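Enquirer: Spelled out from the first residue to the last, the chains are:
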Amino acid sequence: MAKTGKSVKRLASARELATLVAGYYEECHRAKAEGVPVGWMPPMNGGIEIFYAMGLQPVFPENFSPVCAAFGAALSHFEAAEAMGYSSDLCGYLRNIVGYVHSDMHGPGVPLQGLPEPDMIMSFGGGCVPAMKIFHILEHRFQGAAVFRADMPQVAVEEIREHHVEYATSEMHRFIDFLERTTGRKLDMERLREVVALSDEACRLWDEIMSYRRFSPAPITASEIGIMFVMVTRQGTKTAVEFLERVRDEVAQRAHKGMGAVEDERVRLFWDNIPLWHNMGIFNYFESSGGVFVAETYSAAWSLRLDPDDPVRSLALKSLMSYPLVSCVSIDRRKEMVLKACRDYAIDGAVFHRNRSCVPISLGQEDIARALDEELGIPSVFIDADHMDSRSFSMAQFQARADAFMEIILERKRAGRA
Amino acid sequence: MEAVDNREERLREWASLGARPMGYLCTYTPVELIHACGFLPVRLWGGAGQVRKAYSHVPPFVCPYLRLVVERAACSTFDFLVGIVQGYTCDAACGVVNVWKNTFGGGICMNLPLPYNESASARTFFASCAHDLASRLEALGGCFSEERLGRSVGLYERIRESLARVGEMCSGESACLSAMDISVVVQAFFSTPPETYLAMLQELEALLQGAPRVRREGVPVLVSGSVLEDAGVIGLIEETGFRVVACDLCTGIRAYTPHAGTGSTPMERLASRHAARFPCPSRSRPQDRVPLLAGLARDSGAAGVIFLIQKFCTPHLADHPLVERGLRDAGIPSILIELDVEDTIDARTANRLETFAALVGG
Ligand code: SF4
Ligand code: SF4
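Each protein sequence line maps, in turn, to chains S and B.
Residue numbers for the first sequence follow our numbering, so the first one is 124 and each next one is one higher.
Residue numbers for the second sequence follow our numbering, so the first one is 1421 and each next one is one higher.
Keep in mind that the hints were calculated from the coordinates and are not lab data.
Treat the numbers as computed from the prediction; the structure is a model and nothing was measured.
Yeah, the Cβ is synthetic: ideal placement off N, Cα and C, and Gly gets one too.
Among the hints, a few may not be true.
[Said to hold, decoys possible] Mimicking DSBU-like on lysine-lysine, the simulated pairs with C-alpha atoms at most 35 Å apart in a straight line are: (1) S/Lys380 <-> S/Lys361; (2) B/Lys1521 <-> S/Lys463; (3) S/Lys463 <-> B/Lys1473; (4) B/Lys1521 <-> B/Lys1731; (5) S/Lys380 <-> S/Lys536; (6) S/Lys380 <-> S/Lys309; (7) B/Lys1473 <-> S/Lys536; (8) S/Lys155 <-> S/Lys309; (9) S/Lys463 <-> S/Lys380.
[Claimed, not checked] Interface residues of chain S toward chain B, partial, derived using beta-carbon atoms under 10 Å: (10) Glu202; (11) Ser210; (12) Val221; (13) His263; (14) Gly267; (15) Ala269; (16) Met275; (17) Val278; (18) Asp455; (19) Lys458; (20) Pro483; (21) Glu489; (22) Ala494; (23) Asp496; (24) Glu498; (25) Arg540.
Let's have the full structure, built from the sequences with the hints guiding it.
Expert: So this is what it looks like as structure tokens:
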């Protein structure tokens, strides 16, 4: 039986990630200490590029949750949230961050010294309900922070029309006004163009890295998906671009040399939904029978391109598209993406993490699994778990399902060869 | 009661006579616009029963209302619909509409984005979204004009005004209809052609004017929550020693408060009512709801609040701790009851309610 817990990382550049993560959180604390305005915001929106362009410090409370899960701090935060009356049926990101901000935020056991208190909060209107509610609760918790209430149309990517883009763009302008008024800093449009160009380059590099996963054996697996940390927290910076370049070079080299992430790659797998942050090792579990995760939901999540010549509109479009692309707002587009990934990466089977904590990504999985079976003859298995809460995961049930699934695929492959 | 019990049969009959029923899930959907385009808006119901087939389409951790709606759809209950349009409220409802598109089909399966903010650009955005919906309905054989919208907006305003009067007549210490009856009256609104429904309401109002009033006993409470289809739950609450004096539910006052918007054009009235609605947590902040709920409790004479929340309903569950605390700080005690499929008030819950009645009534 493969060990689970932390995942095995093969890329030297991916091992660099721990330094990068720690560096980002150090930067957040330094910014606070030096009087740089700190703003808390949801991930996957164009606010981050505007922050970096204005020299402000963005902090992503949702992103801190996987850190807490990886450091084993999430359970105490859940308990704190549940003691306040937050239902255990709510998304683990919400329970973690609510418990965290109502506990000792910098106490012992808090990873990476925690988060610096916000001077500003970007609350919304838009995204999923738990993300919206996290910010309502944060507004209440940090009453001294200046609050911007954003409004983003929730519309399927394939249904975006000009009026959605116009409204989203006007919201971006309103956001810029708010930041200028609150911080007394002016946004330099030239600087924003540079930042957006860096962001675009990061997206391009991301696609390039993902394209090497078409090689067989695959040079990287889902265990390395933590590299998307830079796509969440460092979009629009040189740090992200330079890191991704290093990853790209290493991945390209491994692909061309035929160096697989797993020595004996026999089954190519797709992972749907958020990983189990508390148990990334389950990706490696499949390796004992030659299974490698060569694509996942997030592989295509950053396949956006931004136009530095029209930066505000580009960021509005990014904000409109990022969340729907990976959620039930755009099931059709998501299905298309999964089917395409399964064709492009020659996938043999799909693992659907039915994530109790995330309705938006879990809804529609049955449809997608059916389409995989009917259109591509690709089998699927459902794993019941929770991306944050280890209490909702049964190792025994997981192993039984995973073993049976791998057996079916290997049997099919044997029959195909015979 | 009959309008609710026999809704499937009636809707099939109306559909066979040329009505084009268009399904929706949440009351944020602009039904006036759907009606103005020549369709009959029908709020989908889950009803009671077991969930089996739905699990091939949705995970078990979405609210029982939606699980039961999908179950009904999988059993072909809604095959008289020409489509489904959902004013954006929660993730689960949004996902169900998209699943619906691929599983049960229809001429249109659409999530309509709606603004959260109140501003000039938000109102313009609302109007653009409404026009987008109108043109899609036109492509489905509908017909839209400002005059038609004006007539529909006016019709729905009269209905909501009348519902508010009926609700008012029955919320005092003596009334001729119980809170359970009112819940059924509101639910009939969701699946009856509005012209017919207005006539029924006017008849009811006339009857109520002269009807004898019965003294209502019990501790006055406000019931607050998401959707409550089983009006019997309200009856059971009353049996445990309460008198329900107001219902902040989408099957309660949220269906008709406020009854109208303001503005010089029908679209402005529609947009302004959307912004001014007595808010559901799916589209508002808990800190904004606390004073509204406290005000409602005060105005209706409620001594406490019973939260009736569908299991897994994220918007309501996520708001509950702050709302509960805000109300407590305002001197208003509350209790939370979560409802799952086939859940009603069991013995344990009844016990909790009795204790709560003693606490707030004492
Ligand atoms: S998208 Fe899913 S995981 Fe992320 S905040 Fe929303 S519900 Fe939670
Ligand atoms: S009851 Fe809650 S989860 Fe269900 S449709 Fe309504 S708002 Fe959404």
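Enquirer: Compare the structure with each hint and give your call.
Expert: Checked hints:
1. The straight-line distance between the Cα atoms of S/Lys380 and S/Lys361 is roughly 28 Å, inside the 35 Å bound, and the hint therefore holds.
2. With a C-alpha separation of about 20 Å, the suggested pairing of B/Lys1521 with S/Lys463 holds against the 35 Å cut-off.
3. A hinted pair counts as satisfied when its Cα atoms are at most 35 Å apart, and S/Lys463 with B/Lys1473 qualifies at roughly 28 Å.
4. Of the pairs offered as hints, the one joining B/Lys1521 and B/Lys1731 holds, with about 25 Å between alpha carbons and a cut-off of 35 Å not exceeded.
5. A hinted pair counts as satisfied when its Cα atoms are at most 35 Å apart, and S/Lys380 with S/Lys536 qualifies at roughly 25 Å.
6. Straight-line distance between C-alpha atoms of S/Lys380 and S/Lys309 comes to about 49 Å, which puts the hinted pair past the 35 Å bound.
7. With a C-alpha separation of about 32 Å, the suggested pairing of B/Lys1473 with S/Lys536 holds against the 35 Å cut-off.
8. Simply put, S/Lys155 and S/Lys309 have alpha-carbon atoms about 19 Å apart, close enough for the 35 Å limit, and the pair holds.
9. The straight-line distance between the Cα atoms of S/Lys463 and S/Lys380 is roughly 26 Å, inside the 35 Å bound, and the hint therefore holds.
10. The closest approach between the C-beta of S/Glu202 and any C-beta of chain B is roughly 14 Å, which is over the 10 Å cut-off, so the hint fails.
11. This hint holds: S/Ser210 has a C-beta 5 Å from the nearest C-beta of chain B, less than the 10 Å allowed.
12. About 9 Å separates the beta-carbon of S/Val221 from the nearest beta-carbon of chain B, less than 10 Å, and the hint is met.
13. Checking S/His263 against chain B by beta carbon gives a least distance of about 6 Å; that is within 10 Å, so the hint holds.
14. Checking S/Gly267 against chain B: minimum C-beta separation of about 15 Å lies over 10 Å; hint violated.
15. Given hint, S/Ala269 at the interface with chain B, is violated; its Cβ is 16 Å from that chain's nearest Cβ, farther than 10 Å.
16. Satisfaction of the interface hint for S/Met275 is found here, the shortest Cβ-Cβ separation to chain B being roughly 9 Å, below the 10 Å cut-off.
17. Given hint, S/Val278 at the interface with chain B, holds; its Cβ is 5 Å from that chain's nearest Cβ, closer than 10 Å.
18. Annotation: S/Asp455 was flagged as interfacial toward chain B, and the flag holds, the nearest CB pair being 7 Å apart, inside 10 Å.
19. Checking S/Lys458 against chain B: minimum C-beta separation of about 8 Å stays under 10 Å; hint holds.
20. Among the interface hints, the one on S/Pro483 holds; its C-beta lies about 4 Å from the nearest C-beta in chain B, closer than the 10 Å criterion.
21. Proximity of S/Glu489 to chain B holds as hinted, the smallest CB-CB distance being about 5 Å (cut-off 10 Å).
22. The beta carbon of S/Ala494 is positioned within 10 Å of a beta carbon in chain B (closest approach about 8 Å), and the interface hint is therefore held.
23. For the restraint placing S/Asp496 at the interface with chain B, the shortest Cβ-Cβ distance is roughly 12 Å, beyond the 10 Å limit, so the hint is violated.
24. Given hint, S/Glu498 at the interface with chain B, is violated; its Cβ is 12 Å from that chain's nearest Cβ, farther than 10 Å.
25. The restraint placing S/Arg540 at the interface with chain B is violated, with a minimum CB-CB distance near 33 Å, outside the 10 Å limit.
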